[in-house]
Amino acid sequence: MELGPYILLASLEGAVSAAVLALTAVGLSLVFGVMRVVNIAHGEFFMLGAVIAWFVAQSLGGHPAIGFTAALIVAPLLVGAIAVVADLAILKRIAYDPERTIVATIGLLYIIQQVTLMTYGPEARPVEAPFNQRIALPWFEFGDNGLEFYYPWGLSTTSYKLAVIAAAATVLAGVWLLMTRSRAGLLMRATQADRDMALAFGIPVERVYALVFGFGAALAALGAVLVVPIQQAHYLMGADPLLLSFIVVIIGGLGSLPGTLVAAILIGLSDGIISVFFSPTLAKILATLLVGLVLVFRPQGLFGTRAA
Amino acid sequence: MTNGQRIIGLHLGLLVVLFALQFLLPAYHHGNMARIMVLASYAIGYNILFGYTGLLSLGHALFFAAGMYGLSLTIQHAGFTPAPALLAGVIAGIMVSAGLAFLALRTTGVAFMIVTLMFAQAGYLTILYFAEYTRGDEGFVIQAGQRLLWGIDLSDPTNRYFAAFTLFALCLLASLALVRSPFGRTLVAIRENEERVTMLGYNTFAHKLAAMVISGTLSAAAGATYGLLFGYAGASFASVQYSIFPLLWVLLGGAGTVLGPFIGTLFMFYLIDLSSGITTAYMLIAGVTLVLLTLFAPQGLIGELRRRVWRWLP
Amino acid sequence: MTLLSTRSLSKHFDGLSAVSNLDFDLPKGQVRALIGPNGAGKTTLVSMICGRLAPSSGKVIFEGRDITHLPAHKRVCLGIAYTFQITSVFPRLTARENVALAARRHLPKAKVQPAVEDALKRVGLQDRIDEDAGNLSYGHQRLLETAMGFVQQPRLLILDEPTQGLADNEIDNFKALINDLRKTTTILLIEHNMSVVMELADRVTVLNFGETLAEGTPQEIHENATVQAAYLGTG
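Residue numbers (the working numbering), protein chains in the order written: chain A, 1 to 308; chain B, 1 to 314; chain C, 1 to 235.
Please keep in mind that the hints were generated in silico from the structure rather than gathered at the bench.
All the pointers check out, no bait thrown in.
Partial list, computed: chain A residues near chain B (C-beta under 7 Å):
(1) VAL38
(2) ARG93
(3) ILE94
(4) PRO98
(5) ILE102
(6) VAL103
(7) ILE106
(8) TYR110
(9) GLN114
(10) THR281
(11) LYS284
(12) ILE285
(13) THR288
(14) GLY292
(15) LEU295
(16) VAL296
Non-contacting residues of chain B with respect to chain C, defined by C-beta distances greater than 10 Å in every case (computed):
(17) PHE130
(18) LEU148
(19) PRO157
(20) ALA177
(21) VAL179
(22) ALA210
(23) TYR270
(24) LEU271
(25) GLY277
In silico negatives: residues of chain B with every beta carbon more than 12 Å from chain A:
(26) THR2
(27) GLN146
(28) GLY184
Using N, Cα and C, we set each Cβ at its ideal position, and we do this for glycine too.
Bound-form chain A, shown alone:
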């Protein structure tokens, strides 16, 4: 394939990862923004979403669309509920102390991961997509007859991948509306702005925290359900989304939703394109170094303006 079509293909694949990454990272960003804690177990909530999707699809049978649709509802709800329980049982008891929360969520990471290994096992298992038509894409060249379109071999995507992008965009728009227009969003923003003031005004801060923690985890799980027909479910699959979400949240400016979105799209797209030219390991080295350096020299993020 020539370079032009190749890059188009890479950007399409990148757009799919950007969509899923945006969902996951917005979850992490919400938790950090409202609760001021870093959830190291966030990647494991993502993994749980994928694994639960497999269990649901497996137990329902029938047309793939039935299992997938059920998973789309059940996995985020269940993962959200698990996160709420974790919040009430652990984080609330240590009063959301930032450093102890990190240590506790590292523990939570291993608990979720290892329990999954004991129950689900070490295999990688796919979930079938509800629909999956191949869509060939055209490319153009300037030939003897002027501008010509043709269909290069291998340049294609699937209807499912396009649907993932659309679904993620819809959900993110929903989150945006929820945060800016609804009462729940108002409570969250009030808690984020000033916890003590929120308490003084009678906002049940601890309940808000538990719900935000659950909501953040549910967003990660939703991203995982969307991606699991493309990428199989495996008990170690949480590491990459965690790292990428970190990169996105830190570069986008800690706790800033618009910054997180822009960064997710940028990182998701460039990840696809960069890996065309570099080895994935080198790309990851550069990404982790970038996060470290941004935190050291520009803690408000590359796009943020206020201090974190």
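Position chains B and C relative to chain A; hints supplied.
This is chains B and C only, laid out in the frame that chain A set:
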């Protein structure tokens, strides 16, 4: 008996017991104890930064690996003998920890944790990236013939035990001397209230830098010794898991206590050893322990002992 | 001879002016009280003097040397000791260790322990020497804080509300202590307790809205109508 005598007596007593155990332990536990003493030295290094200075690093595997690869790569590719290779490992640790300290100490709290995590992860990935030399995840074996230190064969279990014991004794006594010195007291004060220490005329950045380099150097010495004694270097020793382990050991044993790192390493090693006989998911134990410690015993075992019984414990 | 002076010293927080264009001179050997209503800029001023805060503009001169850009710990080494308004002793260290930390930076090793014991004796804490600072009463913690200040044998001792929370007899002891220290040290005292100011200060500077409202002997200040209107009347 004064507290000073008690403290010296207790720590020398532990060393005497460990020395005697070499003649008493059955082969399996004998091998385990050698490993525990090297890992506990790593934990002692970690404790200087976390327990005494109050800086929670999530990237100490970088220092452990710097020591391990400083030693093993120079043996493997530059034909070093163990003594200069050990030195190379320690020097690698000093350089890496000083470099990371200059960057990471510009941040505090959660940002410090994430920065150390990220740079350590970059180090791990770098080891994978240069798989041509490091053989990546698979790692490589240092042959018994390459492990003769001043004519002593370190692949022999007895020699190995004494080598591990020597490292551990040095680290334990060094950390005891450090925390009883004015410098160590200043570190504790920085942990308690950094701004106040500045306003007493101390350059706290320089103190934290020194603490991080000492901590990194001990960790690297442990990593280099581990590679030399057990004849293997692999990328897994640079992974996040090996940054979490010393945190877990120190939290379990008691952060900011001299004996805590050893006690924590000993307990955790056997917990994981026993459970890995039952399940492959042995890291579950580590996870549960971390959560329980955070919730119920943030002082750790020795910390609780100090709080309730022996107030004089350093 | 002037020990400390500031020239056009200003500090703004987000457009709010806490100290503006302040010229302040403190001669050697004086006990100067700094008074003013809450929010007048007293703590902001001394924070800029000792280096906890960087000024927005202006200069700080100590013993003829411009120290405006010197980091806090180096200023302390030059002989500026500062005790905090909000008690910030090290609660999990003993009283002895608290004072020793302050002394070690300034004294040769052999003199540290005698100096520590002497300092604690002078504030009346000799019986509490091996107790954790966190277990001391609030008043005792204030005294410990003061001991941590003067054990450094500073050229300039800045005390930020040292008598807050002290009982009457403790205040009397404190006055005796300052009268002893004034023989060797210049003292800048932020104080709300007027009897302490009247008895101890050689001169008084009144700050209001970040500017000098008046300066004079305690008697002059006491009789100054503007000060009474701005401060004593409402205070």
